[in-house]
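A.B. asks: Starting from two chains that each stand alone, build the complex the way the hints lay out.
If you read the sequences in order, they're chains A and B.
For the first sequence, full-length UniProt numbering gives the first residue as 1, with consecutive numbering after it.
For the second sequence, full-length UniProt numbering gives the first residue as 1, with consecutive numbering after it.
One or more hints might be untrue.
Below, a list of computed lysine to any residue pairs in the SDA-like style, where the Cα atoms sit at most 25 Å apart [as the list claims (entries may be wrong)]: (1) A:K367 - B:S701; (2) A:K283 - B:S701; (3) B:K707 - A:N643; (4) A:K367 - B:I714; (5) B:K54 - B:E265; (6) B:K697 - A:R677; (7) A:K274 - A:D315; (8) A:K588 - A:G369; (9) A:K377 - B:K54; (10) A:K5 - B:E265; (11) A:K5 - B:Q716; (12) A:K432 - A:N420; (13) B:K697 - A:K588; (14) A:K283 - A:T268; (15) A:K429 - A:Y470; (16) A:K342 - B:A311; (17) A:K380 - B:S635; (18) B:K707 - A:S670; (19) B:K176 - B:A311; (20) A:K385 - A:P332; (21) A:K328 - A:K5; (22) A:K341 - B:Q716; (23) A:K316 - A:L372; (24) A:K144 - A:R93; (25) A:K283 - B:T68.
No wet-lab data here; the hints were simulated from the structure.
These numbers were taken from a predicted model, which means no experiment stands behind them.
The lines below spell out each chain.
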Amino acid sequence: MGEFKVHRVRFFDYMPTAIRAMAFNSRTERLALARADGALEIFNFADNYFQEKVIPGQDGRAVEALCWVGQRLFSAGLNGEITEYDLENLRPRYTVEAYGGPIWNISINSQETLLAVSCEDGTVKMFEILEERIQFQRNLDRQKGRIISLSWHPSGTLIAAGMMDMIKIFDAESGRATHRLLVERGVGASKSKEVVVWSIAFLSDHTIISGDSAGKVQIWDGLTGTLVRTHLVTKWDVLALSISQDESSVVAGTSEGTVVQFQFLSSTVDQHDKEWVRTRTFKNHSHDVRALVHTKIAVVSGGMDTQLVVRPLLDKVEKNTQESALRKVAFPHRSLVCCAKKAGLLLFQFPDHLELWRLGESDGHGKPGDSLPVERKPEKLIQLKRKGEDHICCSALSPCGGWLAYSTVTSFRLYRLQNNNISITKVSKLPKDLRSAHQLCFSSDSSKLFASSNHSSVVVVALNQPECKYLHTLKPKSGSRQPVHLLFASEDGKWLATANTDCEILVYNLEKLKLHCTVPVYSSCPTAIAIHPTTSNLVVVHADQQIFEYALVKKEYTEWSRKLQKQGLHSLWLERDTPITHVTFNPKNPAHVILHDMFMFCIIDQSLPLPEAKTLLYNQMTLRSLPESERIIHSHAFKICKNFQHLMCVRLLDDHSLVVVERPLLDIMSQLPAPVRQKKFAT
Amino acid sequence: MAALYEGYTLCGLATSQNLSNSGIQGVEAERDSDHVVVTDSTRSVTLYKVSDQKPLSSWTVKQGQILTCSAVYNSQTKEYVAVSDSKVIRIWKEEDILLDKAFKATVSSDVWRVHCAAGGEPVVLFQRGAVRLLDSLLSAPQQPIEEVFAQEEAIRWSTNIVTESHQLIIFTTEQKGDHFLYLQRLNPNTLQRYRLEREEPGLSPLSFSASYRDKHIRLLYLYPNGHVYHSVVPVRGLGADEGAQALPLPRSLLLDLPVGEGLLEAASAQILDEAHVAVVGLPHPSAGAGKDFLCIWNTNFQTLQAGKEMAGKIYGQLWGYSNKLFIPHGKTLSVIPYECPKSSLASALGKLRQAKTEESKAPTSVPSWNNILHEQKAHPSRTVETRKTRTNHKSQSSPSLTNDHILELIKTAPIEEVQKELVVLLSRTDIQDLQPSVGQLASTLVSRSLDDPAFYTPSSLAQLVYTRCLCHSVCPDLVLLALERKDYFLCQLCLQFFPDIPEAVTCACLKAFISMPDVDAEKVSLEPDSVSLMETLMARERGPVGLQNGFSPTSNDEHRSDALSGGGSGAEVEEKTATQPEQICPVGLHKAILLNEVLQTAYSDYFLLPHLKDLSSQHVVLFLQYLQFLYLKYSQNAFPQMQGLRSPSLTQIMDWVCLLLDAHFTVLVMTPEAKGLMLNFHTFVKSQVRLVSELGKIEGSLHELNKMKVKKEIGQYSIEVIELF
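Chain B extracted, bound-state conformation (with noise of 0.2 Å):
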């Protein structure tokens, strides 16, 4: 679940009196992640520690000139490369105080921007669409330039992409409210250009971002409609006849942002990750009409994963840098860093969440897919902060930094020092802002104890499913490791609260469960609500003998004993019916309980199948003992889950047993043990059969119920008009 976290001031903006212009130009990173060479739309380029909040230098042209492109740090060099009045080119090093000092070039033909991507060499992109590297273009700056565009096609955005082979400019033009898109090779140089398809009429995109992966470029650019287009461009070229047509570029909607009143003035969307879209100047679905959030959608679930009200104007300008967003709002340049964790379906929505359960606990932090999509003001995503809020957070240190502390002091510290720092950690933060770092810190942990056996953090596991922020899907292996180490507790807790445990891992749990010793099972410490709903259930096992839908288990005793006369087995069966075998427990109270807790995970009975075949005929006749035993129970007045606690349903218990029966109906039957078992099951059935035929004889007297007109009461005295034709 991709997170904001709460953002900082880098520095002021020098707005001038039109406020429709941020006045920066550009942040660009610098030589690591924390550094950034921010550049204005006059005169000046400044350098800042990000983390400090902090300018370490800046350079400014004289007065008169301006710089045209923002300033580009050249790592390989360690120089800065920036362009002033259009044909300037002038490079400097951090040492350089005055920038009219340092190297000048002027060169033949309007430059554009000049882009340097890490681990690229410096180009340049001139206005008419050509491209030079910057070496070859300062070797001898007059040179011509040629012009790619045709007239009136205007360069509107670009930027520049190195993959391991290539170093790629990218850049749109708008002509006659057509847009193109170039992507120029360099070495060997090739162009391709591609058509846009035309939205409404009338509509140019917004902003453009491009990303790399897999040998393909994904462009992804936004419309004043609030609709985000994604396209793919193989990187590797048609060959031949490049440049010569505009090919058209197929492209599909990814989403389709709300845009509350109007259409959208000043706004932008960034690529974050292949799954995740930072979007600046659009309303929240869920916060009114306000066009001054930075929301980040998740667009494989088209689900609104974090968004945060930004103070002030937007100017619909937005970059993102190692994990933060530099967004000009009002009037300062703000950083937020973000975080974008793989993002599993089960992790946003859960798999067949018992909604029961949900409302008396805590509330979780996986929005319910509703809340994303339609709900409203009543509750506003948790996500959306409020200015008080973030007033409260301003006082705390911010909790990704000392996640990675804690992150490597798990992979190394002694087993006390880790449970002491993440009681320390999970008891100050908030869970909300915890949630993308608990399932890093699980799986270190997990593998920790995988690779060293003598390490095992029991209490802190179980501190951090409690903080109902992991999932299966996020941390695999705890279960298994759970079962391996015995840490039934722990298992419990994770069968409660992961929505998504495969079958195999239910059925792993089951398989340790009933095969674990009594003696052992009553060792185990369990959760206490769990162990007083069964210490109920237990408690009536001589309470007195109900009768639930017509169906009496004793009633049927005789029946049972006449089916068996001709029997071998009929006196033992008999002397089993005597004591009432099926009313007392057939496992110990703990066993119970952590059986309880199978019954209630959520499962795919194509799935599970399989699995449940891999159980003892043993384990097999016990579970369904057990099974008969909870059934008869809840069959009886008393029901347990009327007191609010967690229980497993009757249809959980029947849908059991029937895969119980399904998955080892022929060793049943063929296993003398079990046939009193499968006897008092058929006489279950029969009952049960008879009830739903008997509701079905009176269907149609309930049918009419609902066809009843409900008829206009007229009281005892009335003045009417009735009108006669």
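With the rest of the complex left out, here is chain A (with noise of 0.2 Å):
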């Protein structure tokens, strides 16, 4: 197979903000997730947990509560606005100011008509769901203090508010508190200190349940407004509640990272007295639980952490599936980095700047396992600050590392760079197409700038020096309004390969401009493509692990992808849970495909046999201890490599050697504030 000199990259300090809030709308079975610096992200649950959508962030937007109505999702924050977000656009649609200060919570009432809102000013607000837009209906009695918590009756006409020190139960019609139920504080020294209801639902039969901050998770009767049960959960706040649709569990995240599982037994065996017994306790977070939902098989949390966990109930999930492991979602399902081959330049997106950086260099040759010694370092180029309050959203680097362009939702941003005495140049005359992207690519002369924008468009632009020109916009026949999240031109600028989040694949010709044929609709989202520079067979691979090989030419699958599928992938590299998000091909070899997830990268070498399903996958090991002679019986056409983990990016550069992005999630950890301080042994 072959040696590979490797820079292996540690300097990209890509940090993920803390988890905020989240909504899973178990309709489409999408979970939105909102992070402390503003962003969205939307995971398909019914799609391998894939990331499909990512709205970036904005200064100032702190998202505190995320809510679904139907296909439409709010937000609402301490900025006091509520936002309702453009899903097709990846981008909000409008903002409403509630005018009541910071707003807490806001929850929708099972009939879907009415958002209510919560506020610092100690008001509960109502708006109307309308078509385009909501209105605000009225108001109900304010109360003293700061509202946190909101929870609907399904029945509508009852809300459930928590507070400081109480819940109140309004009665939504008339506007007034019905009753009121004072919730204890916690002993010692907090004794003075106010308790926070950071979190409240209620349930059908007016059973409320709150989580506070004194670490009680308190069952009431919302009808007598007494309470039931107390289970003190923790010395430190219950951050989140969240009750399962048939009402037979609630899980309650800590600020230790744990998640409480309380369920509504029988406490003998066919009796119908039932109450909530706490059952399970999971930890799989180190800081603060902040966001909660109770899926139908799985506990999804997130928090300070960064991380989003999906813990299957394994009473709910056949045991030893894929469907019963935990998973953690640590990576976005995208690059971030962008690499220009021929230059050996490495672009790395942050929210708030680019950073340009030029590899390091090593003229020594060693033996497999040895590390050559550096002789030119890597130097940070360029650090590009964003303009205007909007995150970046994507970025690209030309292949020849002379271009460089940006997008956020509102701005799109063109630079020449000159590398040998760097220096960067904005170019000012930009089309107007050219407003905001989804997705930039370059193509591989770096003669043209490809740009998703609306309606899985993309709008072809050629860079002359020194300004550059709008050519066309390539537009599906489809008409399908979902954004595009994958492109690639082909290595020949004859091709260009679009894929959107409705799984359709379009390919186009650049000579001609006109779509030359749309690939076979398959039900997962493609997670990475790739267009093969001499074969133009287009690599597909999905979120489910599916490859698929797609020869543009005669407009059908190949000979490779048709065996691939009739013999079956392998089920270890089925179950691996996080998406490839790169495929690239090795110039020197064209039956070669790299391919990269976050914990191993691969080739695919076309020529040699498929691992059958008996046969070892991860393999490497052994054919390392094999005499080279017994090597070939053994191999088979998935070379994994698993000795680099935590990978952001892995490419191949024009002079054979590959670059990979490592961000270990122990850096990550290290840089999170302190989590609570918690009694450990000898400590």
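C.D. replies: Here's what the structure looks like:
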């Protein structure tokens, strides 16, 4: 197979931000997730938890709560605004000022007609959901003190509101508070501190469940306003609650990073007097659990430690299946690194700036396993701060290293780079059609820029000194309105492939500037696409780990792809839980396809036999131990290298060396603030 | 511990051109321990007075004649006997000036040697193995001499031993690589032949040495590969078919000496006494490869006892008479006085010596086992003397001479004089040289003191103990004498410095200390270091009550009074706890110091236990109270051991508590005043058990710490080479 010189890069200081809020749409099985920097992410739980969409954040937008209303997504935050998002164009659709100070929570009634908003000033405001917008309807009786949490009774007539030291139940129609439930403060030193009811749930049998800053999960009778049961869960805060749809199970997230499950069970068999019993404790987080979702089969949690954790409930799923495995999403499912193959440059995308680095060099030769002496250290050439308050959503670097482009939701910028004397010039005159882009891509000769725009269209721009010229807008015939999240221009400049979240893959002929073909739609979303430089075969990898190879000229799946589908992929390959985020080819050997996910990179040698179900998939160690003559018998097409972990990017440079960008999770962990102090033995 | 003293030259060697031969044929004892007869390899015989390093007279045979065997002195007739030209026996007296005029007799066969041991008659050993008493030979000089040996059998070495009833001639022969030992008894004549076991092919014994003890001949022989074997042959023969068959001679490997590079060429081993062997021509194990050392090895412990570098070539010859070794080396014949006192393992090694205290004090003269066997150039054993120190020593008189005077002095002289002389002796001489004699001095002093109630020299004894050359086995009565004379300071020193005090004596000390009234104790002057330690400990009596290992003595009061509320003595105990009696030292300062010394002595509990049972219950309670006090002090934050002073360790204290409880458990259970104490101990144990069980819980995690792999450090950027298959 061969030796590779690998540039092992760890200087990309990618730092995800904390998860603040989550909302799950059980009809579409989409999870919306808001981070501390205001960014929103949409995960498709039906499709291997693939991160379909990312709406970049904005300075000053602090999302505290998320709410699905049908397919519409609302958020509210401490800036006092309610925002609805345009999930097709990945940007806020509009914002409405609530005029009640910072907003702590929003809640939609079960009829999806009224959105209740809890405000700092002590009001609960009702907004009517209209077709295109929301309209303020009225206030409930104003209370003293902020209202932290809200929950509608399923009937839509009552609202429970968590406040400081108490819970109030409002009649939604009259707006009057009908009950006042006093929440006990913590013992000891915290006796003097107000207790905050961080989270509340109102069940259809008028049970109210609350989680508070004294570490209690309390069960109340909402009809009589009496406390039924107190569970002391933690010494710290209970920050989040989530109830299952059938109201038989509640999970509570704490500052200690634990998630505690309560179930509504009868204490003895065949008795009807059920009560809420503490059943399980999950500890998958090191920091606060700020957001929780109880889906049918799993507990989804997120918090300060930035990782999204899907913890299946083992009584709801079949054991020892892929479904029952714990999943952690630590990295975005798209590349934040762009590599100029010819120039040996790396572009790192951060929400508020870009970094351009030049790789180091080494003349040395070594045997496998060696570290070579670094003769020239890697060098940070440019740090480019974005303009405006919107965060960067995509960026690209041309293969020659001469052009750099980035886009936010409101603006697009293109720069000309001179690497010899490190200068950067903004290209001032830009075509009008190039306002904003979801995805950017340069042609391999750096003469064209492709930017995916509204409704799956792609804007083609010719790059000439000193300005750039609009050439064409490629539009799909299908009329899909979903954004394009993958773009790939072929090496020979003839083809451009696009993929959108509707799972459509379109290939355009760039010479004719026309749609060439539509690849047959597969049910899972493509996560990486690439066109082979010589054979013009399109390789597509999907979120469910399937690999297809499509011959563009013949417009059919290749022989190899059919063979692969017929034989099926190895079960271990399918069980991997991070998507392939990039595909590329080895110019020296046309049979080689290089792809990577978070934990490995793989070179598929199409000339070798596919691994049988019983053969060892991860066989590099075995092959290493065998004499050369026997290797060929045991080797198969999938050459998987796990030497490098937590991969953000794997690229093959033109000098045939690999660039591997790692971001060890431990490094991320070490930059997080200290977790709440917990007594450990001998500390 | 055997020692080699500073040597001196007896005479120069008339070495011939070829250096392989020392030019000395033999050194034989003369009338007393101070005279020797030296025969050179050519023509002359010289009588020396050794201590004067001076020849007294000399005899020479005529030119053309040659002496073929070393001259011997017949102490009965005061005559010298030598053989010239193998066949002519010459006998002369000291007054004879010219040998040619002295008595001569020619015999019919070649003579190998004439032997004459002290107390025995001269014996002539012929080269073909026949043996004749000189008298009977001279009565008929031309009598036929039989051949004992087979063809090609040649004599290699011979000696003569006189026992209570017999005179024995022992000689070895070689025949085609086989070696035989002959044991010739005279009157009646019997001959026994033994065959020596073969060593590696081609190796013949380099030297033999024989000694007699308990009706057995002990034969020692050295091979070129450094192996020293020893065989024991009974003097009383087997009887009947003597000499017919060569019996196999059983042997055992006595020492496996380091030989450095290659095989030994000129080396010799000489028996000094039953436990010591002098070896010359071998390298010193800690001084490089040079083979010019004279060493004394202890065969019981396989330890090197003393070593000395001999300048110049070693010829592999070594004679030893009356505590002097005669070694030809280079161009001189040196006399090296030595001493091999009875050695004990205790004095060689010490018994459970506290390494901690050793370090802080002056170095001891007892080398550690490691030093002797493995240790290398960094600390050459201090008995290896370099030329430099030797020249320094030259100016001093030989201490062994003065020692004898002082020993005599001790036996008779008044106290003041003895003390004065001892002070002079100890201040003057190097302790190293003194070492073998310290034991003698001390035991003489002790025996005089025991005999004479008026005689007692505390300061001299203390000084001797301070030299650290003493141990209990050397002077077994010293501690008891000190106890008897109420010299507690000396007791303290002995307990401190003696590594091998028997448990019975330790217990006697303990008993004496604990029963001593505090008033008496305060009069005793004690070693200042230990005093200051106890003072600091007691000064903290009113200090804050600390909490160590989760155990606080006060926190358990409640618990205890609960347990006692049923008992009648509850009130009494509560009253006691109110004043916290365990915080106040139950014994006086000096008494505590003495008890500390007892705590720190080495013991074996199996032997100690029966003696402990002799203590009265009051004393046991008092001692336990003191131990409890120490334990509490130690449990508090102030750890007296940290100050680098000699102090009992926590484990020692706990061990003693356990021992006392074991020895007196039933008595203590029955004694009402011990009840509170026992309950206290019970709470100690409980808290300790709790601690240990808590530690046990985290044992697993601590193990994991060990297993953790050290990950390779990966920097921000590296260029690596990988290979895919």
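A.B. asks: Against each hint, give a clear statement of whether it holds in the structure.
C.D. replies: Hints, one by one, checked against the model:
For a cut-off of 25 Å, the pair hint linking K367 of chain A to S701 of chain B is broken: about 39 Å separates their Cα positions. For the suggested pair K283 of chain A and S701 of chain B, the alpha carbons sit about 19 Å apart, so the restraint of at most 25 Å is met. A distance of roughly 22 Å separates the Cα atoms of K707 of chain B and N643 of chain A; the hinted pair therefore holds under the 25 Å criterion. Restraint check for K367 of chain A and I714 of chain B: satisfied, since their Cα atoms lie roughly 18 Å apart, inside the 25 Å limit.
Straight-line distance between C-alpha atoms of K54 of chain B and E265 of chain B comes to about 32 Å, which puts the hinted pair past the 25 Å bound. About 22 Å separates the Cα atoms of K697 of chain B and R677 of chain A, which keeps this hinted pair within 25 Å; it holds. At most 25 Å may separate the alpha-carbon atoms for a hinted pair to count; K274 of chain A and D315 of chain A meet this at roughly 19 Å. For the given pair, K588 of chain A sits about 23 Å from G369 of chain A by alpha-carbon distance, which is consistent with the 25 Å threshold.
Between K377 of chain A and K54 of chain B the CA atoms are separated by roughly 86 Å; this puts the pair beyond 25 Å, and the hint is violated. For the hint pairing K5 of chain A with E265 of chain B, the CA-to-CA distance comes to about 64 Å; that exceeds 25 Å, so the pair is violated. For a cut-off of 25 Å, the pair hint linking K5 of chain A to Q716 of chain B stands: about 17 Å separates their Cα positions. Between K432 of chain A and N420 of chain A the CA atoms are separated by roughly 31 Å; this puts the pair beyond 25 Å, and the hint is violated.
In summary, the hint linking K697 of chain B to K588 of chain A is not supported, as the alpha carbons are separated by about 59 Å, beyond the 25 Å threshold. With a CA separation close to 28 Å, the supplied pair K283 of chain A and T268 of chain A exceeds the 25 Å bound. The straight-line distance between the Cα atoms of K429 of chain A and Y470 of chain A is roughly 11 Å, inside the 25 Å bound, and the hint therefore holds. Taken as a hint, the K342 of chain A and A311 of chain B pair is broken in the structure, with Cα atoms around 80 Å apart against an allowance of 25 Å.
Taken as a hint, the K380 of chain A and S635 of chain B pair is broken in the structure, with Cα atoms around 59 Å apart against an allowance of 25 Å. Taking the CA atoms of K707 of chain B and S670 of chain A, the gap is about 23 Å. The hint holds against a cut of 25 Å. Between K176 of chain B and A311 of chain B the CA atoms are separated by roughly 36 Å; this puts the pair beyond 25 Å, and the hint is violated. A hinted pair counts as satisfied when its Cα atoms are at most 25 Å apart, and K385 of chain A with P332 of chain A qualifies at roughly 21 Å.
Proximity of K328 of chain A to K5 of chain A is assessed by CA-CA distance (about 31 Å); at most 25 Å being required, the pair is judged violated. Annotation: proposed proximity of K341 of chain A to Q716 of chain B holds, straight-line Cα distance about 21 Å (limit 25 Å). With a C-alpha separation of about 51 Å, the suggested pairing of K316 of chain A with L372 of chain A is violated against the 25 Å cut-off. Note on K144 of chain A and R93 of chain A: the hinted pairing is violated, with a Cα-Cα distance of about 33 Å set against a maximum of 25 Å.
A hinted pair counts as satisfied when its Cα atoms are at most 25 Å apart, and K283 of chain A with T68 of chain B does not qualify at roughly 101 Å.
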